[in-house]
Amino acid sequence: MAAAVLVAYLAAAAALYPGGLPVANAGGARTPGSSLDPLPEYTKDQVIEIRYTASGTAGSSGVAWTELSYRLAGSEDWVLYAPPWNPSGQWPGSPLNDAQGGGRGTILFDTYFTGGEGTYEFSSVTVDRGYWREDGPDAAKARTTLDTRPPQIFVATPTPGAWTNDDVLTWVASDAVSGIAEVGVSLDGSSVGSSPDPEGSVELPLEAEGDHAALVRALDRAGNAAEVLVPFHYDPSAPGLAITAPARDGFVNATDVEVRWAVEASGAGLASLRLTVDSNPAIELAPDADRHLLESLAEKGHVISLLAVDLAGNVAAETLSFGVDTTPPELELLAPPAITNARDLQVIWLGYDATSGIDRYELSLDGGSKVVLGPAAGYTFPGVPEGDRVVEVVAVDKAGNLANVSKEVTVDATLPVVGVTNPTGAAVVYGPLDVNWTASDAGSGLAKVELIFDGAAPIVATDGSGHRFRDVAVGPHYVLVRVTDRAGNVRQAGVAFDYGGLTPPGGGPSDLPGLDFWFIMAILGAIAVGSAYYAVRRRKRAQA
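Just remember that the numbering used here sits 23 ahead of the position in the sequence shown, which is counted from 1.
These are computed hints drawn from the structure, not numbers from a lab. One or more of the hints may lead you astray.
[Unchecked claim] Derived DMTMM-like pairs (lysine to aspartate or glutamate); straight-line CA-CA distance at most 20 Å: (1) LYS430 - ASP389; (2) LYS430 - ASP367; (3) LYS471 - ASP486; (4) LYS67 - ASP158; (5) LYS323 - ASP367; (6) LYS430 - GLU409; (7) LYS323 - GLU385; (8) LYS67 - ASP272; (9) LYS430 - ASP457; (10) LYS471 - ASP494; (11) LYS471 - ASP457; (12) LYS430 - GLU355; (13) LYS393 - ASP411; (14) LYS323 - ASP313; (15) LYS67 - GLU140; (16) LYS323 - ASP272; (17) LYS67 - ASP133; (18) LYS393 - GLU431; (19) LYS323 - ASP382; (20) LYS430 - GLU353; (21) LYS323 - GLU353; (22) LYS323 - GLU355; (23) LYS393 - GLU355; (24) LYS323 - ASP311; (25) LYS323 - ASP301; (26) LYS67 - GLU205; (27) LYS430 - ASP486.
Between the sequences and the hints, there should be enough to build the whole structure, so can you do that?
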């Protein structure tokens, strides 16, 4: 359209004014006039259509031509628009049927020949057919700013092609000439909204995790548009993270501890892993690692923290406490004694662990099945058979350290055997009072024999089978023999008898005390032997 108009103007100008005509400024009432149609504030068209209306003076038979002058903002000098196809700068226009023979026309102002982008002011001067010329150019009759370059757009978030957990799109748009008119955002082909602000953000209606595309379109005031397509991956979910070893609030019995974990990051995948022990600097780990060995830990409590960050920026953290204890518990066996007469065998112990504490005790008898107990200090094995037994107590602390104590125990619940052999109690006893007995124990063996005479204090027998009582009063008596074995079993046997004194009725040796009688017998025997010896010596001398 513009090109056709331009060709028509060129043909008309060449036909009517082949060499151009001299003109003079009009004065008084004989002054032509012209006006320019308003222009938009901004335009993106490199060729600007300038529409004008011209009027001649009375009796001039109409308008001869119109001249267009321009200047860039900031300049006071007007420049005649005379492009290569119209070097005279005279534009004839189309006649109007009015009294002054006015005309209208369109001038195609090609900015390629005038300096390109910028703010242009325009003024017109008309010459009528009487060669009267309009004054000017002086004041601007129209104004517009040419902006042919599209805006610039920078999308701050999300990053193109990256993973994100943020549903906010942030942009910065700029246009150096006309400025930003509007910024529109769409997601996956659906409009999200628009804003007149060159800098701003909008919340994207993201619901599904996965791949998306946002389109940002910026329009400047001249009508130039620019678009930026931002493909991205959306993942709002934090990775699944769990430390599987060591056990939470547990103990280990080694100073080198392997930390193990499980990570589930089905969306973006992991970007980084960091492990922190106590207050020490973090240890950077490979994203695909699932374990790490901590070496030479102190024997005390520790805190470990694992931080996982996926490619979308989601963070998962896990923290747990555990302790290191390599010292076995302290364990002392207090009971049973080495020999016992209890078939229900009571075991008593004392256990202690300063670091992790006692977790359990394990008891066994003669290597049999274990009895597992929690924190305790005693246990009774019921109905233990007699004989030599072995009791074992194992203390296990919460770190798994062991301490064990074993003891050999003889179980003897059978009473010893005892019997009084003298006196018999069948007759009156005369002479020295000797009490004799028999005693035995097949289990633990005898520990002691006690004699109780007429209820008096016990006398511990030093002879294994007899004891002589002195200064015994004549009359009835009762003697008790009490036998105790090493297991503490006790059995006793007693006999009642009458004591008649040292001498039986009718006199005789028994009248003497037992010691005196035998002493006298020994003396008499010695005298008899001596007398016989001397008699033989005298006989031998007499014969000699």
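Right, here's what the structure says about each hint:
1. LYS430 - ASP389: holds, 10 Å
2. LYS430 - ASP367: holds, 16 Å
3. LYS471 - ASP486: holds, 10 Å
4. LYS67 - ASP158: With Cα atoms ~31 Å apart, LYS67 and ASP158 exceed 20 Å; violated.
5. LYS323 - ASP367: Outside the cut-off at roughly 41 Å; violated.
6. LYS430 - GLU409: holds, 16 Å
7. LYS323 - GLU385: Violated: LYS323 and GLU385 sit about 25 Å apart, past 20 Å.
8. LYS67 - ASP272: At roughly 72 Å apart (the allowed maximum being 20 Å), ASP272 and LYS67 break the hint.
9. LYS430 - ASP457: Not satisfied, since the Cα-Cα distance of roughly 43 Å exceeds 20 Å.
10. LYS471 - ASP494: violated, 25 Å
11. LYS471 - ASP457: Holds, at about 19 Å.
12. LYS430 - GLU355: Roughly 11 Å between the alpha carbons, so the hint for LYS430 and GLU355 holds.
13. LYS393 - ASP411: holds, 19 Å
14. LYS323 - ASP313: violated, 25 Å
15. LYS67 - GLU140: holds, 9 Å
16. LYS323 - ASP272: The given pair, whose Cα atoms are some 12 Å apart, holds under the 20 Å limit.
17. LYS67 - ASP133: Holds, at about 12 Å.
18. LYS393 - GLU431: Satisfied, since the Cα-Cα distance of roughly 17 Å is no more than 20 Å.
19. LYS323 - ASP382: Within the cut-off at roughly 17 Å; holds.
20. LYS430 - GLU353: Holds - the C-alpha atoms of GLU353 and LYS430 are around 16 Å apart, at most 20 Å.
21. LYS323 - GLU353: holds, 18 Å
22. LYS323 - GLU355: violated, 25 Å
23. LYS393 - GLU355: holds, 19 Å
24. LYS323 - ASP311: Judged against 20 Å, a Cα distance of about 30 Å means the pair is violated.
25. LYS323 - ASP301: Distance of about 11 Å is within 20 Å: holds.
26. LYS67 - GLU205: holds, 16 Å
27. LYS430 - ASP486: violated, 33 Å
Hint compliance for this structure: hints 4, 5, 7, 8, 9, 10, 14, 22, 24 and 27 are broken, all remaining hints hold.
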